[in-house]
Every structure is written in structure tokens, then in C-alpha cells.
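Protein chains: 2
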Amino acid sequence: MKNDLNEKKAYWIWYPGDWEVWLHEQVSIKRQWREVMYPPYWRLDRHYSSVIYTYTYHLTQPEEITITADGRFAAYLDGKDNQRSNAEKMMLPEGKHELSITVYNDVNPPALHIEGEHVYTNNTWQVSCYDKKWSPVGSWKEQLDASSLAPSQYKLATEEHQPASIEKTEDGWMADFGKETVGYLKVNGIDGKSRLTVYYGESMEEVEDRENCVLLDNVFLDGESEDYTFPASRAFRYAQVVPESEDFQIDSISMLYEYLPVEYRSNFQSSNDLLNDIWKTSVYTFHLNTREFFFDGMKRDRWVWSGDAHQSFLMNYYSFFDHDVVKRTLIALRGKEPIVTHINTILDYSLYWFTGIYDYYLYTGDVEFVKSQYNSMVSLMDFCLGRRNAEDMMEGIEEDWVFVDWADIDNKGEVSTIQILLCRSLETMALVAELVGDKDSVQNYHDQASELKEKIMSIFWNENKGGLVHSRYNGVLSDEITKYPNMFALLFGYFNDQQIDKVKNNVMLNSEVQAIKTPYMRFFELAALCEVGEHQFVLDEMLSYWGGMLALGATSFWEEYDPNQSGRQHLEMYNMPYGKSLCHAWGASPIYLIGKYFLGVTPASPGYENFVIEPQLGGLDWFEGTVPIGIGDAEVYMDKEKIRVKASHGEGVLRYKLNEEPHETPIPTDGSWLEIPLI
Amino acid sequence: MKNDLNEKKAYWIWYPGDWEVWLHEQVSIKRQWREVMYPPYWRLDRHYSSVIYTYTYHLTQPEEITITADGRFAAYLDGKDNQRSNAEKMMLPEGKHELSITVYNDVNPPALHIEGEHVYTNNTWQVSCYDKKWSPVGSWKEQLDASSLAPSQYKLATEEHQPASIEKTEDGWMADFGKETVGYLKVNGIDGKSRLTVYYGESMEEVEDRENCVLLDNVFLDGESEDYTFPASRAFRYAQVVPESEDFQIDSISMLYEYLPVEYRSNFQSSNDLLNDIWKTSVYTFHLNTREFFFDGMKRDRWVWSGDAHQSFLMNYYSFFDHDVVKRTLIALRGKEPIVTHINTILDYSLYWFTGIYDYYLYTGDVEFVKSQYNSMVSLMDFCLGRRNAEDMMEGIEEDWVFVDWADIDNKGEVSTIQILLCRSLETMALVAELVGDKDSVQNYHDQASELKEKIMSIFWNENKGGLVHSRYNGVLSDEITKYPNMFALLFGYFNDQQIDKVKNNVMLNSEVQAIKTPYMRFFELAALCEVGEHQFVLDEMLSYWGGMLALGATSFWEEYDPNQSGRQHLEMYNMPYGKSLCHAWGASPIYLIGKYFLGVTPASPGYENFVIEPQLGGLDWFEGTVPIGIGDAEVYMDKEKIRVKASHGEGVLRYKLNEEPHETPIPTDGSWLEIPLI
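Chains as they are written, first to last, in the numbering used here: chain A, 1 to 679; chain B, 1 to 679.
Since the hints were derived computationally from the structure, they do not count as laboratory data. All values derive from a computational prediction rather than experimental measurement. Don't take each hint at face value.
When chains are identical, the list treats them as one kind, so a pair holds in a single copy or across two.
Below are the DSSO-like pairs computed for lysine-lysine, each with C-alpha atoms no more than 30 Å apart in a straight line [claimed, not checked]:
1) Lys-133 x Lys-502
2) Lys-179 x Lys-646
3) Lys-371 x Lys-336
4) Lys-30 x Lys-336
5) Lys-336 x Lys-657
6) Lys-96 x Lys-642
7) Lys-465 x Lys-141
8) Lys-517 x Lys-155
9) Lys-133 x Lys-336
10) Lys-89 x Lys-30
11) Lys-132 x Lys-336
12) Lys-30 x Lys-132
13) Lys-133 x Lys-642
14) Lys-80 x Lys-168
15) Lys-168 x Lys-155
16) Lys-30 x Lys-80
17) Lys-465 x Lys-9
18) Lys-412 x Lys-502
19) Lys-133 x Lys-186
20) Lys-502 x Lys-642
21) Lys-133 x Lys-30
22) Lys-502 x Lys-155
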């Protein structure tokens, strides 16, 4: 065996999922309301405090290893647990031996790092929480490799940013950072001592309203340090700094912008400047919410919600293509056994978790991760299936929250959207059961999905109205059509051609059907419209809806936007004058709509081994852009006269129409450009 | 409402079981092997870090409350969670309002203490771990009431003890505390600085063997303090203190004896001084192991084992009658969901947990506690029943450890003892199902118990040999009789009169049947022999077995005692020269045997509302003693000429024989003596 000691090879290992679960616990309680704690509405799971690692080595000569544990540890060989050591250096005898290390830490995950020439911690180690089961360890080779940085010490990156302007106010200073940002406020050049209050605002209205702004900090500065960085990371554009003492002075205000280092792997430029701004603002909004996990919004909740995350996953595939944050988010959302409520306590949010797995596999092809989640999937699916009614459909029981959308809708009884999501979840189960070789279950899940799909169409399809109705309650079928079930059925390909046509005109483009007011559900609505070829319509919607927010001065996209509201109404939500998040991940969906439906890049097999590019101008004069396709990238240019594409990975085809006739041309696999004239 | 503010009424509350689970986690990792950590072989469960308390009050005028939380908290009224406060003082408005307090603590249980005139924390509050369920809170009114002492700060009591002797040795000092003890060693009158090593021993052999003694401490003393108390509580009789520096001096060695304050509610004196010593040493042994929980032994494991605890529960009813330590132990053993292994990973130990519940209810009548455990019982029983084989019997599957006893026995397949314990567990389920009003389950558990009992007798009873055989493996019935199943069936009353007679002579008194070598199983063996009237035999056994340990210098009773061993053999176990615990709870069973079978005090209905006293001299000339009977006590005197009893609680009968004829006489309920002449 040849090894280079200078090569990084040892990395931290832990009980699978426990670092993620612990990190989720820690970040979930960062939400505050005016300095008062605001923990999530769901159970926070915890890491195991006592775990044992094992590894069987073969050495031809003795070797010294260095053991670093995050916690107290004991090491022993060959099960001789009455001869244990807690020394940092351990000499391993030659031959074949089983090395066991038990680590305890009730505060941080009891992670382990061992360095030796041949024996070192990596993903071939096994671990147990003393439940008589051994699992492959969890790890993050790329980031958590240095023995000096235990997983519990992991932090996002920071970078000092200056405000666009600072003004002296009557009793303090007002800093405007020019756009929404997230990080640690810093006051520099402190002179004097004083109690200091900072009022934060995503809007000028909020920062000026000292009684009602959502975030504030209050601290006493003793004047002994030249500058002071506030301990909590906040989301804001404006910060008003108000000292109690009139003698207190500062030189400047800055902030440590806090972010997850990601690669910006996509790009978009078009003939429409507003659309270009929408795309850029979307990416910025999305990055602010892409952190330890995919968060919903950073000012208020800063929580991990499964429905929101499901969309973030998709946006991520058209921007950063970061595997790790998807994996962390899926693990954190799923949490630990026993499952006694839905994820985030919301029925639909359990189901989006499955679709998130489906999409992750499709986009990344990371079969190992998907397989590692199979037991967790089975257990959550058992929970869901156990909550079906006599008709084998899911409805909200006990205290389940059936969300679907912030809208005036009645989600009692059998909601058709829920059954469609369940159907897709069962399909995901069948897919992963196949991957792990659980043959009996493949068929079982497959059959259940088919039966449910048939049932959905036979019960909820209203031929007269040309769409799926919203729900059935106590055996009484609603005759109300909503967009929700129809757009999901469109996206999942559950309709036949005839139905597609009807749904498109009678539901999706029908202004009599209740309009959707959240960017959250506009995501699916507009994607579904693209699926039925309404790119021009979707472009107009993007320009008016997201353009509408920009016109109101948005520097990041919002949790909710109703063009019919005005003034301070845009800031209100949840009975709070500034309750609305003005930087919400689900506001960033143009990333996905543009990447998938305008640039037109879609995987056709897991990990983009096969893919399709089907660009659509949708009314634009031209666009050009890049979309990550797994380990490679696809570049797309289109104007009214030609399409040019190239790709650095996989086998792709370009789809386009010439004289209204569909065509397909293979994309060169040598990375060279393919150009197709359109006239 | 009239309230005296000086009266203690507010006390700490927490998520039910979480303080106990947390405390168990903390104490379980105190085991060390020569300063190296030695965590338990089973999963350690953890408290919920984020919980929410709720209480609905009615106030006729506003009232200020003082909030103390162990952790960060937020309080709000009437579900208005966007108007929350973390102030210690809160003014409650008059009227009817719902007060919510959410508390977070990832290190200690997030407990809550609120003091107000009318609104204060007590057991009428509800709590949730955000799983959409509300439970009555956990609390310990008698001990954890002061707002200044959070549950996480709870400590056992200490008391400074001086050694019986201290000798200067070649390179240090040797202290002999005269008997086994548990606590913190202390060196006094320090002069100089030095690294200091302390070698502990339960025996002189151990303390003198620096390379092999199980416990040691190593510390550097900088000479700045006059005395030093070692941070870890140790079990030992001898301590050898060895400084590295020759100039280092101390004046004296003492120790802080650490103990659970309990009431010594029983007493025993008899005509036999050795038996009196056995009883006293048993109580001392038992007290040393009665702490936060009932531990097995304090030198080596200091863990909570269900089989050991089951016996400790019974000893406790004949000594301290401390409810709290029983409840803490049952809660800690049961742990949290999900159940994926047996308690302590041992099949029999899951079953003893149920019998522990059964006995707790019988002795204390504490119906509230038993009911509070019903859900946990159902879940553990479901786990057990789910692990039955096609014959509906339990056997070790996967990696279950089927223990029964430290003995040369084969526990593969269907072990009859296990089925008997399962039967008793099912009876316990039926009993508690009845208490909580779960009618369907009462019948179900009852039927299952009856069927199993029939099956046990029809399969394992060997009419020829006159007893139950040990096991059946792969359909082949063993023809080996062991005492285990026979003594449990005797104790649980599963035999008919004919069987009892056969078992007594062919099994229990048959020297051809494999002898039992652990005090653990001698407990049941001797109890069973008393059940069949062999008091004289049992007395002789106690005098020779426990007397044998005393003759070898025991100051507390051992984990194992084999009279056929000699010298250092008595100290060895688990491949360690001093591996045997010389102070083991299960060594203290004479407390139970004497209280229940000689003094003869037994509850006949829950909580000693009805009871029986049936004293048996068993060959003694006389004895007198006291046994706690719930809130009262029973006093018993007997010699060959008379019996005298009195009781301060419940309705009792005295059972005795006159001229070989059984008699019963009611015991006066006015607390006066009843005297029965026997000749």
C-alpha cells in the first residue's frame, strides 16, 4: 500500500445523520422575536451522546495513530474492553485487529478523527449507538477533514461588507447596506461606553419603527474594545444604531456578511433587462437562504421547512448544484425515530420529502446517498400509509396540518393534491426500493402508486369542468376546481393528452379559477404552464409578478406578493406589521423556471448521464446561459435565427422545432458547439 | 382561594421522564476503568431540548409571577406567540388566560419553576415536546421545589468520614475506612506540590496491586489549597495515596461519604447474632447501591440493570420504602422510543421491568404512577410480542442476550424461565390496562397470559422428573431440569399443589440439580423455598452463604460468591483480577427474605390496604422487627411461645399455626398489640 502522508485522507466521522441533526437543532433555535427565543413548532431531534466506532485493520508492522475525539473517548483492541486507553497516541500492533473507540459527548456530536499511515478515519468505518446495529459512518470529507476543526466547530464563511450609506440621525446612526443581507452587524471605532440598541429592518418602514421591528439587539459596550461585532447573525437591509449615552461615538458601521461558500455554476443573460434583473435577484435571494440547510427566510423563521426545501432543491440544481446542502437538509428534515407527526407537522411536507429524494437522485445520480436513506423512507412511508382512511387516501387526522398553500381554501377531507403527492411519493419508494434491491417492495409500492393514480382520476376528475376538483369531504365531492391538483398532475405527467388540453384552458389559463398569491405555489403553477408550452405567458407573468416586486424596490424576493396590495400592506403578515419575510427562498423560483424551461436543460437519466436541452425563447429576442449538468455544464444560446448548445458531460440531445415540426439532434460529446439554424 | 405565600407550593416541572432520563445518561457514564471512560453497552437516551409548558388560569385580579427556567425561555399568553417575553417577572392580566412557556436547553432538561400567589408550577401543568401531544408534567415536589436548585443541579448528600486507620507506607499513605464505602476521597493539610496517584481497593489485595486495581485517580496538586477533594465518587474500602514528589506532605485523609438520604424504616433483631450481622450488612450494602437509581454495584459498573433493579425494588419495600428511587429507576430503564433492543439489551431484563411495575403497584398502591407508565408498557410489550416465534414464545433473536444467570446453562431457543416471566408480564399488562380503563386490552392480555401459562405447563413440565425443564431448542425438548423456571413458577403461583410438592423435593431441595452460585438467583431460589415452607433450610443457607462472606471479611455483600473458591479467586471476575464487585445490590437479598418470609409481612392488596403477617421462626429462638407497610409500619415479635404484632396502617391479619392447624386473627386497627400464645 502506498500512501502519501501529506495527502489529506483522514477525516471526521460520526453517527450517520447525527451531525446534521445536531446542527439543525442548533440553528433552529436561532429564530428570535425582538431578542426573545422562538423555537420551532415541531420536535427537535438530538444526536446520540454515546457511540462506538469500529474498524478492522491489517498491518504488516506496528503503527502509531493519533486519536482526536470531540468528547471523551476510550480505545481498545479486539473487544478487550477491560484494557482500554484514552491516550491521544496509540501504538497499534501488527496483524489483523479490531479497533474500537467509544466516544461520549452530550453537548456536541461525539465525532472521531484518527490519523495514521494506514489506519485513519474514513467512510469505511462503522458506528453504533449501542442499539446492536452497525451503520456506515457519516462524514463530510471535503470540509471536515482537519483534526483541529471538529464538526461541532463548523461555521459558515464571513466577509466584511460596508454599507451603501450611513446617516447620523437624531439619536444615533442609520446604515443602509443597499440591499438585503445576512450577517453580524459591527460597530467600529468605539469611543465611550454605553448601552446600545440596534433596530433592524428589511424595509425603511421596519427599521424606523422601533416598537415593532422584528429584530433588534441590545448590548452594553464598556468602551474597552475598538470595535464590536454583534453575536447573532441577522437578516436586514437597514440597521439603526442608537446609544443610550449621548457621549458615545463610533467611526463607522459595517457587517460581516455570512454565507455558505458555493460555486455559482449557472448564468443567464437575455434581451430583456428586467428578466435579467429578476434572475440575478433570484440567485441572490436564493444564496441568502442557502446555508447550513435550505432555510425558508432569514429574517423571521430561519427554519427548515420541507415544502420550501423541496423547491430550493430544484433551484439549487439550476444554480449552485451543491449536493451537500441538499443532503444535510433531507437528513435534518427527516430527523429521528419515532415518527409521531408529519415533517414540520404538515402532511404535505412529509410527502415533499419523498419528492425531494426523487429529484436529488434524478439530478445528481448519487445512488449511495439515496440508498442510505431507504430505511428512513420506509419508516416515514409506513407512518403515512398508516394514516390513510378507509378509501386508502390520506387526509388530515388528529392534529395534522394540511397546508397546500396560504390561500382561502378548505383542506378538510381528501384533498386531491395530497393524493397526487402521495402517489409521487410511492413512485419514489418503488424507485429506491429497486436501487437497494428490495424486490418485493418495488412491486408493492408500484402497485399502490398505480391504484392510487387510477383512484385520483376516477374520483376527482370533473369532465364537465375539465379538471381535478379540490377535495372530497365526508363522501361529498367538491365541485370547486383549484389549480393545485391540476398543476401537480401536469408536472408529474399524470394526465393524458386530452386532459392536458382541457386543464390548460379550463384551469391553468382560466381567470375564473382562484389566483395563486404566493411565490411558493406560483413556482409549480408556472412550471406546469411551461410543461404545456405556455412560455410566453409564463414570461409575462414573471415580468409582471417578480418585476412587480422589483418595481417596489425589492432587492430580494418575498414570501408573498399580492399586486393588489399597496404600501405597508406589502410588509404585513401573521398579524405583525413587518411579519412578511422580504427574502424568502421560495421567492427565487425564476432560477428554476428559466433554467429548466427557457434554457431548457433537463436530466433524462440520473446524474445527467442522459439529458435533453429544449430551449424556448418564449417571446424573448435572445438569451444565453449556463446550467450545471452534474459534473459538467451545458451552455445554451438562442435567438430567433439559431440555437447553439454545448455540454461537457453526458449524452444529450437538442430538441427544437423547425417549421412547427419537432426535431432532435445529438449534442457532441467532445464538448464542441452544436449550432442549429432555425430559419 | 386562600394561600399562604410562605407555604412551599411551587416546584420544578419538566417533560415527564426527562429529568430521570437525563440523570440516567449522566450517571451511566461515570463508570471508569483506571480513569478511562467505560460507557454502558446500551443506547443512552436523552431529554428533549425544546419543550413547551401550558397552564390555563383564572385570576380575579392581575398577579405578578416570577419565572425561573433551566434554559432559555419565552412566555406568552393566549397563543399570541408573536408577543413573547423573556422577562423574569411577568404581570398576568386578570380573567381566564392560557399561559405558554417554551424552554430550550440542550445540556440540561429544560425545567420550569414559576412562583406567584395563585399561578405557580405544580403537577396540574401540561407539557409538550412539540409532537402535538400534551402530557402531565414530571416533578419531584418533595425535593425539587426551590427555584434556586434546578433539577439538573440535584446532588446526593455527603458527610465527611474519617478512616479507621491511616498508615505511612514506603512512598505514601494507606487509608482503611474500615468497611466498604462510596464517596469522594479528600486529602487534608497539604504541604508542597506534587502529582498524586490514588489507588483504590475494595480489598487489601486490590489496593496494593497498583497495576491492576480497577479504580485510580491521578491529579497534580499545586499546593495552593489546604485540602483537595477528588472530583469522582469512588467505591472502596482502602485508598493508597502516592505522591510523586518526596517533599509532599499531608496531615490526613478523609472522604466525603456520598449517599441518598433515605429513612431506615425496617429493623431486625434475632437470637442469632450472625443473622443479625447479615441483615445489617445487607441493609448497608443495599444503601450504598441505592442512589439516583438502584445501581448494580458501585465499584465497577455503577450502572442501572433491570434484573438487578427488580430485586432492589423488593428489598426497598422491606427497608427504605422509598417510592422515588423506584420510580426514577423504572423511568430510566424504560428510556425513550423507539424500542429497538431489550432493556440493557437483555431479553429477561425487559420482562423484569414489567414485574417491577407489578410489585411497585402491589407494595405502594401508587396508581397514578403506574397509569402514567401504561403507554410505555404497551410499547415495550408490543416489542416483546413482536419478537415471539411461531409458537408464540419468546427466544433470543438477532443479537438478544438471554441472560437468566451467570451459570453454565444453555439459553438457546425457548427458555422456560423466559416464558414464565413473559406470562407474569402479560398479567401485569392486564392489571394496568384495567387501572387505566383499557377494557379490550384487559381481556386480550389476560387471554394471552392464560394461553401461555397452559403452554408452559404442557410443554416444559416433565412429570417423570417432577419439574419444568430448562428449554426447547429447534423443537427438541431438553430433559435438563434447572432451578430457574421452577422457582419462578413457584413464586408466581403457577403450580398446583401436586406440582409444588414434586418441585420442592425433586428440584429445589435436590442436590443433583445444578447449584446456583450468584446471590442474584439465590434471591429467587431462597424466596421460592420459603414459599414452600422451607424456612429452616433457608435460614441455614443464609447463615452459611452470607455468613461465609462475612467470615471472609466482607463488609458488604458480593456480586458472586462460590464457597468452593479460595483466596484471590474470590476477587476475580470478567477476566480481571479484581473484576468482582464486593458491594453488589443483589447481594443484599436477606433484607427481603427476612422481611417477607421470617417477619412474614406481605401486602394482600395494593398499598398494604390489606396485608398478612405470617411470621416464621425457621429455627430461630426469637426475633423482633419492623417492616414498612406503605404509610405505616408493622412490628413483629416472635418466639417459641408467642407472636406479638401491631400495625399502624391498613387492615391486616395474622396467620399462624397452633398444633399444626392454620389460624387467622385480625390485627387491631387502632395500632395496639395483638399477642397470640403458641403453647
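Against the structure, the hints come out as follows:
For a Cα distance limit of 30 Å, the shortest separation of Lys-133 from Lys-502 qualifies neither inside one copy, at 53 Å, nor across copies, at 45 Å. With identical chains, the CA atoms of Lys-179 and Lys-646 are never at most 30 Å apart, being 35 Å at best within one copy and 85 Å at best between copies. In this homomeric assembly, Lys-371 and Lys-336 come within 30 Å of each other (Cα to Cα) both inside a single copy, at 17 Å, and across copies, at 27 Å. Taking the shortest alpha-carbon separations for Lys-30 and Lys-336, both the intra-copy value of 21 Å and the inter-copy value of 27 Å come in at or below 30 Å.
Taking the shortest alpha-carbon separations for Lys-336 and Lys-657, neither the intra-copy value of 49 Å nor the inter-copy value of 61 Å comes in at or below 30 Å. Within a single copy, Lys-96 and Lys-642 get their C-alpha atoms no closer than 65 Å, and across copies no closer than 72 Å, so neither meets the 30 Å cut-off. With identical chains, the CA atoms of Lys-465 and Lys-141 are never at most 30 Å apart, being 55 Å at best within one copy and 65 Å at best between copies. For the identical chains of this complex, Lys-517 and Lys-155 are neighbours neither inside a copy (36 Å) nor across copies (57 Å), given an alpha-carbon limit of 30 Å.
In this homomeric assembly, Lys-133 and Lys-336 come within 30 Å of each other (Cα to Cα) both inside a single copy, at 15 Å, and across copies, at 17 Å. Taking identical chains as interchangeable, the C-alpha atoms of Lys-89 and Lys-30 lie at most 30 Å apart only when they sit on different chains, with a minimum of 23 Å there against 38 Å within one chain. Taking CA atoms no more than 30 Å apart as the test, Lys-132 paired with Lys-336 passes in both settings, with 17 Å inside one copy and 16 Å between copies. Proximity of Lys-30 to Lys-132 under the C-alpha cut-off of 30 Å is restricted to the inter-copy arrangement: shortest distance 22 Å between copies versus 35 Å within a copy.
For the identical chains of this complex, Lys-133 and Lys-642 are neighbours neither inside a copy (59 Å) nor across copies (61 Å), given an alpha-carbon limit of 30 Å. For a Cα distance limit of 30 Å, the shortest separation of Lys-80 from Lys-168 qualifies neither inside one copy, at 70 Å, nor across copies, at 36 Å. In the homo-oligomer, the alpha carbons of Lys-168 and Lys-155 never lie at most 30 Å apart, since the shortest distance is 33 Å inside one protomer and 55 Å across protomers. When the C-alpha separation of Lys-30 and Lys-80 is checked against a cutoff of 30 Å, the pair qualifies only between copies, where the shortest distance is 19 Å, while the shortest distance within a copy is 44 Å.
In this assembly of identical chains, the alpha carbons of Lys-465 and Lys-9 never lie at most 30 Å apart, being 62 Å within a copy and 65 Å across copies at closest. For a Cα distance limit of 30 Å, the shortest separation of Lys-412 from Lys-502 inside one copy, 26 Å, qualifies, whereas the shortest one across copies, 67 Å, does not. Within a single copy, Lys-133 and Lys-186 get their C-alpha atoms no closer than 48 Å, and across copies no closer than 43 Å, so neither meets the 30 Å cut-off. With identical chains, the CA atoms of Lys-502 and Lys-642 are never at most 30 Å apart, being 32 Å at best within one copy and 100 Å at best between copies.
Proximity of Lys-133 to Lys-30 under the C-alpha cut-off of 30 Å is restricted to the inter-copy arrangement: shortest distance 24 Å between copies versus 34 Å within a copy. For the homomeric pair Lys-502 and Lys-155, neither the shortest alpha-carbon distance inside one copy (51 Å) nor that between copies (72 Å) is at most 30 Å.
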